[in-house]
Amino acid sequence: MATKTNPGRFFEDYKVGQVIAHAVPRTVAEGERALYHALYPARHALYSSDAFAADCGLDGSPLDDLIAFHVVFGKTVPDVSLNAVANLGYGEGRWLLPVYPGDTLRSVSEVIGLKQNSNGKSGVVYVRTRGLNQNDEVVLEYVRWVMVRKRDLDAPAPETVLPELRKVVPAEDLVIPEGLSFEEYDFTQAGEPHRWGDYEIGEKIDHVDGVTIEEAEHMLATRLWQNTAKVHFDATFREDGKRLIYGGHIISMARALSFNGLANAQMIVALNGGAHANPCFAGDTVKAWSEVLDKAETDAPGIGAIRLRLVAVKQGAAPFALKGEDGKYAPEVLLDLDYWALMPL
Amino acid sequence: MATKTNPGRFFEDYKVGQVIAHAVPRTVAEGERALYHALYPARHALYSSDAFAADCGLDGSPLDDLIAFHVVFGKTVPDVSLNAVANLGYGEGRWLLPVYPGDTLRSVSEVIGLKQNSNGKSGVVYVRTRGLNQNDEVVLEYVRWVMVRKRDLDAPAPETVLPELRKVVPAEDLVIPEGLSFEEYDFTQAGEPHRWGDYEIGEKIDHVDGVTIEEAEHMLATRLWQNTAKVHFDATFREDGKRLIYGGHIISMARALSFNGLANAQMIVALNGGAHANPCFAGDTVKAWSEVLDKAETDAPGIGAIRLRLVAVKQGAAPFALKGEDGKYAPEVLLDLDYWALMPL
Amino acid sequence: MATKTNPGRFFEDYKVGQVIAHAVPRTVAEGERALYHALYPARHALYSSDAFAADCGLDGSPLDDLIAFHVVFGKTVPDVSLNAVANLGYGEGRWLLPVYPGDTLRSVSEVIGLKQNSNGKSGVVYVRTRGLNQNDEVVLEYVRWVMVRKRDLDAPAPETVLPELRKVVPAEDLVIPEGLSFEEYDFTQAGEPHRWGDYEIGEKIDHVDGVTIEEAEHMLATRLWQNTAKVHFDATFREDGKRLIYGGHIISMARALSFNGLANAQMIVALNGGAHANPCFAGDTVKAWSEVLDKAETDAPGIGAIRLRLVAVKQGAAPFALKGEDGKYAPEVLLDLDYWALMPL
Numbered sequence: 038m039a040t041k042t043n044p045g046r047f048f049e050d051y052k053v054g055q056v057i058a059h060a061v062p063r064t065v066a067e068g069e070r071a072l073y074h075a076l077y078p079a080r081h082a083l084y085s086s087d088a089f090a091a092d093c094g095l096d097g098s099p100l101d102d103l104i105a106f107h108v109v110f111g112k113t114v115p116d117v118s119l120n121a122v123a124n125l126g127y128g129e130g131r132w133l134l135p136v137y138p139g140d141t142l143r144s145v146s147e148v149i150g151l152k153q154n155s156n157g158k159s160g161v162v163y164v165r166t167r168g169l170n171q172n173d174e175v176v177l178e179y180v181r182w183v184m185v186r187k188r189d190l191d192a193p194a195p196e197t198v199l200p201e202l203r204k205v206v207p208a209e210d211l212v213i214p215e216g217l218s219f220e221e222y223d224f225t226q227a228g229e230p231h232r233w234g235d236y237e238i239g240e241k242i243d244h245v246d247g248v249t250i251e252e253a254e255h256m257l258a259t260r261l262w263q264n265t266a267k268v269h270f271d272a273t274f275r276e277d278g279k280r281l282i283y284g285g286h287i288i289s290m291a292r293a294l295s296f297n298g299l300a301n302a303q304m305i306v307a308l309n310g311g312a313h314a315n316p317c318f319a320g321d322t323v324k325a326w327s328e329v330l331d332k333a334e335t336d337a338p339g340i341g342a343i344r345l346r347l348v349a350v351k352q353g354a355a356p357f358a359l360k361g362e363d364g365k366y367a368p369e370v371l372l373d374l375d376y377w378a379l380m381p382l
Numbered sequence: 038m039a040t041k042t043n044p045g046r047f048f049e050d051y052k053v054g055q056v057i058a059h060a061v062p063r064t065v066a067e068g069e070r071a072l073y074h075a076l077y078p079a080r081h082a083l084y085s086s087d088a089f090a091a092d093c094g095l096d097g098s099p100l101d102d103l104i105a106f107h108v109v110f111g112k113t114v115p116d117v118s119l120n121a122v123a124n125l126g127y128g129e130g131r132w133l134l135p136v137y138p139g140d141t142l143r144s145v146s147e148v149i150g151l152k153q154n155s156n157g158k159s160g161v162v163y164v165r166t167r168g169l170n171q172n173d174e175v176v177l178e179y180v181r182w183v184m185v186r187k188r189d190l191d192a193p194a195p196e197t198v199l200p201e202l203r204k205v206v207p208a209e210d211l212v213i214p215e216g217l218s219f220e221e222y223d224f225t226q227a228g229e230p231h232r233w234g235d236y237e238i239g240e241k242i243d244h245v246d247g248v249t250i251e252e253a254e255h256m257l258a259t260r261l262w263q264n265t266a267k268v269h270f271d272a273t274f275r276e277d278g279k280r281l282i283y284g285g286h287i288i289s290m291a292r293a294l295s296f297n298g299l300a301n302a303q304m305i306v307a308l309n310g311g312a313h314a315n316p317c318f319a320g321d322t323v324k325a326w327s328e329v330l331d332k333a334e335t336d337a338p339g340i341g342a343i344r345l346r347l348v349a350v351k352q353g354a355a356p357f358a359l360k361g362e363d364g365k366y367a368p369e370v371l372l373d374l375d376y377w378a379l380m381p382l
Numbered sequence: 038m039a040t041k042t043n044p045g046r047f048f049e050d051y052k053v054g055q056v057i058a059h060a061v062p063r064t065v066a067e068g069e070r071a072l073y074h075a076l077y078p079a080r081h082a083l084y085s086s087d088a089f090a091a092d093c094g095l096d097g098s099p100l101d102d103l104i105a106f107h108v109v110f111g112k113t114v115p116d117v118s119l120n121a122v123a124n125l126g127y128g129e130g131r132w133l134l135p136v137y138p139g140d141t142l143r144s145v146s147e148v149i150g151l152k153q154n155s156n157g158k159s160g161v162v163y164v165r166t167r168g169l170n171q172n173d174e175v176v177l178e179y180v181r182w183v184m185v186r187k188r189d190l191d192a193p194a195p196e197t198v199l200p201e202l203r204k205v206v207p208a209e210d211l212v213i214p215e216g217l218s219f220e221e222y223d224f225t226q227a228g229e230p231h232r233w234g235d236y237e238i239g240e241k242i243d244h245v246d247g248v249t250i251e252e253a254e255h256m257l258a259t260r261l262w263q264n265t266a267k268v269h270f271d272a273t274f275r276e277d278g279k280r281l282i283y284g285g286h287i288i289s290m291a292r293a294l295s296f297n298g299l300a301n302a303q304m305i306v307a308l309n310g311g312a313h314a315n316p317c318f319a320g321d322t323v324k325a326w327s328e329v330l331d332k333a334e335t336d337a338p339g340i341g342a343i344r345l346r347l348v349a350v351k352q353g354a355a356p357f358a359l360k361g362e363d364g365k366y367a368p369e370v371l372l373d374l375d376y377w378a379l380m381p382l
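Residue numbers (my numbering), protein chains in the order written: chain H, 38 to 382; chain G, 38 to 382; chain E, 38 to 382.
It is possible that some hints are incorrect.
[Unchecked claim] Looking from chain E toward chain G, a few residues come up when the C-beta cut is under 7 Å (computed): (1) Asn-43; (2) Val-61; (3) Arg-63; (4) Ala-66; (5) Asp-92; (6) Glu-252; (7) Phe-270; (8) Ala-272.
[Claimed, not checked] Simulated coverage check for chain H against chain G, where a stretch passes if three residues somewhere in it have a Cβ under 8 Å from a Cβ of chain G: (9) 85-92; (10) 165-175; (11) 267-276; (12) 297-303.
[What the hints assert, rightly or not] Listed next, the in silico BS3-like pairs over lysine-lysine satisfying Cα-Cα at most 25 Å (straight line): (13) Lys-152/H with Lys-187/H; (14) Lys-279/H with Lys-279/E; (15) Lys-332/H with Lys-360/H; (16) Lys-267/E with Lys-241/G; (17) Lys-332/G with Lys-279/E; (18) Lys-241/G with Lys-41/E; (19) Lys-241/H with Lys-267/G.
Rather than coming from a laboratory, the hints here were simulated on the basis of the structure.
The beta-carbon is built from N, C-alpha and C at its ideal position, and this holds for glycine as well.
Chain H extracted, bound-state conformation:
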């Protein structure tokens, strides 16, 4: 009669090349969309209105790009990060297919790198995760690396394998949904007049608005993605009695806040990298700012790509706070995310 509960994988349980099919497929529909819009001040028109999306050549309004990310990510938690010490980074993320109400998502990860830490107590695991729909089409893929504890400190170190990851997804590798066109784009309905040509590389935008974080809200969100990490839900788990907020909650909050100034950065199509710079707790007030890192043309009608740094900060942050002279993130910085979005020319 062995223990029936899931103890999670430890560092020595991972092998390069290993493929993990994550549990609990999930059908996502209009309920998830409504909850997303209740949890975050999300207003990008393509994800808000079937009519607007149809005018852009889609069959209807897809579910928000980050719903797909969170659902796919959430499934990996019991297999990848249950014994994680830290979520170290993201890379090579691409959205490959919109997710529509009624789609069923599942996740599969492949271990693509391993490196034991010098202290012998933990190691870094690199996985490439793919989210698939009910037709076995990949809707999303990304690489994540986490630091995972060893169960047995005497387990031998595996051969170090470090994946070669591109720092930025090249613009020519961005996948634009079939049929998408911004030639008939309605800037009035979208909420802002600024088009791709109006943004300059290096430009920074303070998104002005702020949201104070509540325990009930981050838990609702995190459960909605079936992310089961104890630390988000159980106030008795950490010694300080605080529930650590799922980093994805901050990503979605910051992205939604960025509407004010980037209303036309409609679709996220790639995640180049990201760091959860500091933990966030209930009571913190989250604000956001963005920096235009790059721009690229695309073959799609009326559509340009814009590469953005999205930074979430909390109360007390200096304007456009990022890193100190020591190269470390300022203590008020919560998130530093690098992504590509599609914008009307």
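Based on these hints, arrange chains G and E on the given structure of chain H.
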């Protein structure tokens, strides 16, 4: 490289006759309905059951009348009330068409009045707002007037234009949804036996139940309507560190509480007027009472109209509290709303 | 002009054989499903994925079994437990038909027992409640008994009628949804490898995870089921200023937590009994453990039945805490539930 974020309109930016198409159309569906029923103790049978609504001659259960109101209202906030000092009043509101799951709503406002305040620092803006569905049919219209700050105190005062507003929508102007009939109305399923004939003008009803307001709940609601006013979300915005609760949250809470005694006041068809008498904050416990102001017959089968005053109060309110001898609202009164509803004869 | 609000029934208002049709039918859909998954860490695959459910022979993923229970239960509150002193027990519960998105549920109860208490101030009312869908098919039935106050202490005691209730629903009376088959069951997607044969009678499972309860969350849940009991919503109602948490919130939380160790106990098909051992309040952290009470074979392909005790406890509970030497529940025990579930062989 101008500022990309929306600074909102100031008093001198409005001209009588100006038409503002508000941004971000929104498809509303079953998710919004479920959230509405989770956020408020809403139980009116017509908005709860497809089967009950079908028995009343509709194609199915429409979304709650106040969902339509909040969605249409929310869109106007970035254009009308971002720099508002106060929301002064509502009038001439009519629901013209039910909203069904899958409908996409957008809002258009026309400036119908302007009056600079004598202090020269602000003025009153009157707008008539219409909510339209994906077929460009008007589903709802109402007038709202707000006090808006001037950006430039030296800007000249506009000519004063005060719209002529009817204090009450005449009963003959109420629009009853096509096909609606209360001839087969099931009072048992609806929850109360009291019909139109059982209510007397002047009758007051204490709705008995109370709900204590939570930060997470009013923010979920307000975001769901894509209302972006900072004061509802950002605890660092006001000097006292409190988040002011969206007045519409109190309207919906009071209306839902009024089920207990007015279960058969099924559909709101007109908003004659309304005042948010005092601010509400998390921790307050909201209760409600109603007064029958008028009654009218209609041409529709089995359907009468009832004009109700709906008053929301907080803890400490005297029974049927409204105004003091000085004519001012008692400090515990949160809302004083005047509306028409449809009720079975 | 009589009081229009519902005063609720008192003990002397019930007669054995009386049938009460409860008010406000409710259409439940994908919004309720999404909210359920946001409120509880629910992950049973059959209720999460249309694709998984189709592979198990169903038309799609039904709504969680406890959604059906809560909706049916919630409707009975205004008629059965508005003046209740205590919810004493459940029994003879059976799920008879899955509930799918779009179904409309209503509830009917029959009074099957009455016993006045020796103090003459209250009595116990036994009702058998049935939930019906829009086709008048019974989807769920259960017996509940509550202690209800008398309005008039001088009202004569009714003849005592105690229903004969079976302590456990016999395995042969369990109803398995038509078409359900676990022969193609995908254990990887379901999340755990443990099948019916892997569980032993007497085995106990600590479900490990915990969730700290928030006011906003239990109120959202309780309102979603249109349960109107004041004590859950109004912080001014109890003298201690606390809102008592709806017992069903704890049932759903514990059941969802039991995924970790019982991921394959897919469908609840019977409720043998249950006790809300101690009250729960916001701030409590809920954990759960289970005990295998019995096992039975079924005629359905690949499907076994497992009878489980599900115990919810709060912070400070001893491992597998239940009752003290005095036979009373330990103060940290919140719930003791006895149910049958279906599991792949």
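**OP:** Verify the interface restraint on Phe-270/E: the C-beta must sit less than 7 Å from at least one C-beta of chain G.
**Re:** Interface hint status for Phe-270/E: holds (5 Å vs cutoff 7 Å).
Subject >> Restraint status (C-alpha distance of Lys-267/E to Lys-241/G at most 25 Å) >> reply: holds (21 Å)
**OP:** Establish whether the coverage given for the stretch 165-175 of chain H by chain G is satisfied; the threshold is a Cβ-Cβ distance below 8 Å, and no fewer than three residues must meet it.
**Re:** violated (count 0)
Subject >> Given hint Lys-279/E paired with Lys-279/H - CA-CA distance at most 25 Å >> reply: Between Lys-279/H and Lys-279/E the Cα gap is close to 22 Å, so the pair holds against 25 Å.
Subject >> Interface hint outcome for Val-61/E [beta carbon to chain G under 7 Å] >> reply: OK, holds: Val-61/E within 7 Å of chain G, min 5 Å.
Original post:
Given the hinted pair Lys-241/H and Lys-267/G, is their alpha-carbon gap at most 25 Å?
Top reply: Judged against 25 Å, a Cα distance of about 21 Å means the pair holds.
Subject >> Holds or violated: Lys-241/G to Lys-41/E, with C-alpha atoms at most 25 Å apart >> reply: At roughly 10 Å apart (the allowed maximum being 25 Å), Lys-41/E and Lys-241/G satisfy the hint.
Original post:
At a threshold of 7 Å, is the proposed contact between Asn-43/E and chain G supported by beta-carbon distances?
Top reply: holds (6 Å)
**OP:** Would you check the hint for Lys-332/G and Lys-279/E, treating anything up to 25 Å between C-alpha atoms as holding?
**Re:** Since the Cα atoms of Lys-332/G and Lys-279/E sit roughly 41 Å apart, the hinted pair is violated (cutoff 25 Å).
Subject >> Interface restraint verdict for Asp-92/E against chain G (beta-carbon cut-off 7 Å) >> reply: Given a least distance of 25 Å, the restraint on Asp-92/E is violated.
Original post:
With a cut-off of 7 Å, does the beta carbon of Arg-63/E approach a beta carbon of chain G closely enough for the hint to hold?
Top reply: holds (5 Å)
Original post:
Does Ala-272/E pass the interface check with chain G, least Cβ-Cβ distance below 7 Å?
Top reply: Because about 4 Å separates Ala-272/E from the closest Cβ in chain G, which is inside the 7 Å limit, the hint holds.
Of the hints listed earlier, those the structure fails to meet are numbers 5, 10, 11, 17, in rising order.
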